[in-house]
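**Student:** Sequence:
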Amino acid sequence: MASSDTSSFPGRWDVFLSFRGEDTRFNFTDHLYSALTSRGIHTFRDDEGLERGGEIQPSLLKAIEESKIMESRREKGQIVVPVFYHVDPSDVRKQTGSFGKAFARYKKVTKERVLRWRAALTQAGGLSGWHVEHGYVI
1 MASSDTSSFP GRWDVFLSFR GEDTRFNFTD HLYSALTSRG IHTFRDDEGL ERGGEIQPSL
61 LKAIEESKIM ESRREKGQIV VPVFYHVDPS DVRKQTGSFG KAFARYKKVT KERVLRWRAA
121 LTQAGGLSGW HVEHGYVI
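Numbering-wise (the numbering used here), the sequence shown opens with residue 1 and increments by one.
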């Protein structure tokens with residue numbers, strides 16, 4: 001399995017795979033990662049993983065922050081295609097469900113940074129993409 005080193009994250013990736021848990025790591029996410037990298041698409045994936053309810057590691061937060069996905073979309077016309085795999089897009093857009101719980105844990109992060117994260121998720125949740133649930137595109 002290929003590895004991405006988050007400690008040397010350059011901030012320049014073609015694709016940023018954001019996921020959590022073993023249920024996607026070795027199934028959907030792994031297949032998508034393999035398909036992208038085999039075609040020469042520079043793909044970030046956190047190989048340490050994030051279990052449900054687990055704390056996000058500082059290196060992953062740094063990678064997310066530096067990727068500036070929605071900023072690149074807005075300022076440079078970067079194409080962003082979200083795939084909501086076992087995640088309801090409205091939970092992303094409105095930061096409810098597990099997303100709301102995650103934000104509640106980040107009280108020590110600056111308010112400005114959290115507001116940027118929320119704005120980016122709201123934008124991402126509103127984009128046309130794929131919503132995959134129980135093996136079907138909804």
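Hint data in this document are derived by calculation from the structure and do not stem from the laboratory.
Don't take every hint at face value.
Derived EDC-like pairs (lysine to aspartate or glutamate); straight-line CA-CA distance at most 16 Å [as the list claims (entries may be wrong)]:
#	residue 1	residue 2
1	K68	D30
2	K111	D91
3	K76	D14
4	K101	D91
5	K68	E112
Beta-carbon label-pair distances, calculated as ranges [as the list claims (entries may be wrong)]:
#	residue 1	residue 2	range
6	G100	F26	26 to 34 Å
7	V114	T37	15 to 23 Å
8	Q78	T37	31 to 39 Å
Keep in mind that this is a model prediction, so the values were computed, not measured.
All C-beta atoms in this analysis are idealised placements derived from N, C-alpha and C, irrespective of residue type, glycine included.
**Student:** Would you mind marking each hint as holding or not holding in the structure?
**Tutor:** Hint check:
no. : hint                   : in the structure
1   : K68 / D30              : violated, 23 Å
2   : K111 / D91             : violated, 20 Å
3   : K76 / D14              : holds, 13 Å
4   : K101 / D91             : holds, 11 Å
5   : K68 / E112             : holds, 15 Å
6   : G100 / F26: 26 to 34 Å : holds, 27 Å
7   : V114 / T37: 15 to 23 Å : violated, 32 Å
8   : Q78 / T37: 31 to 39 Å  : violated, 19 Å
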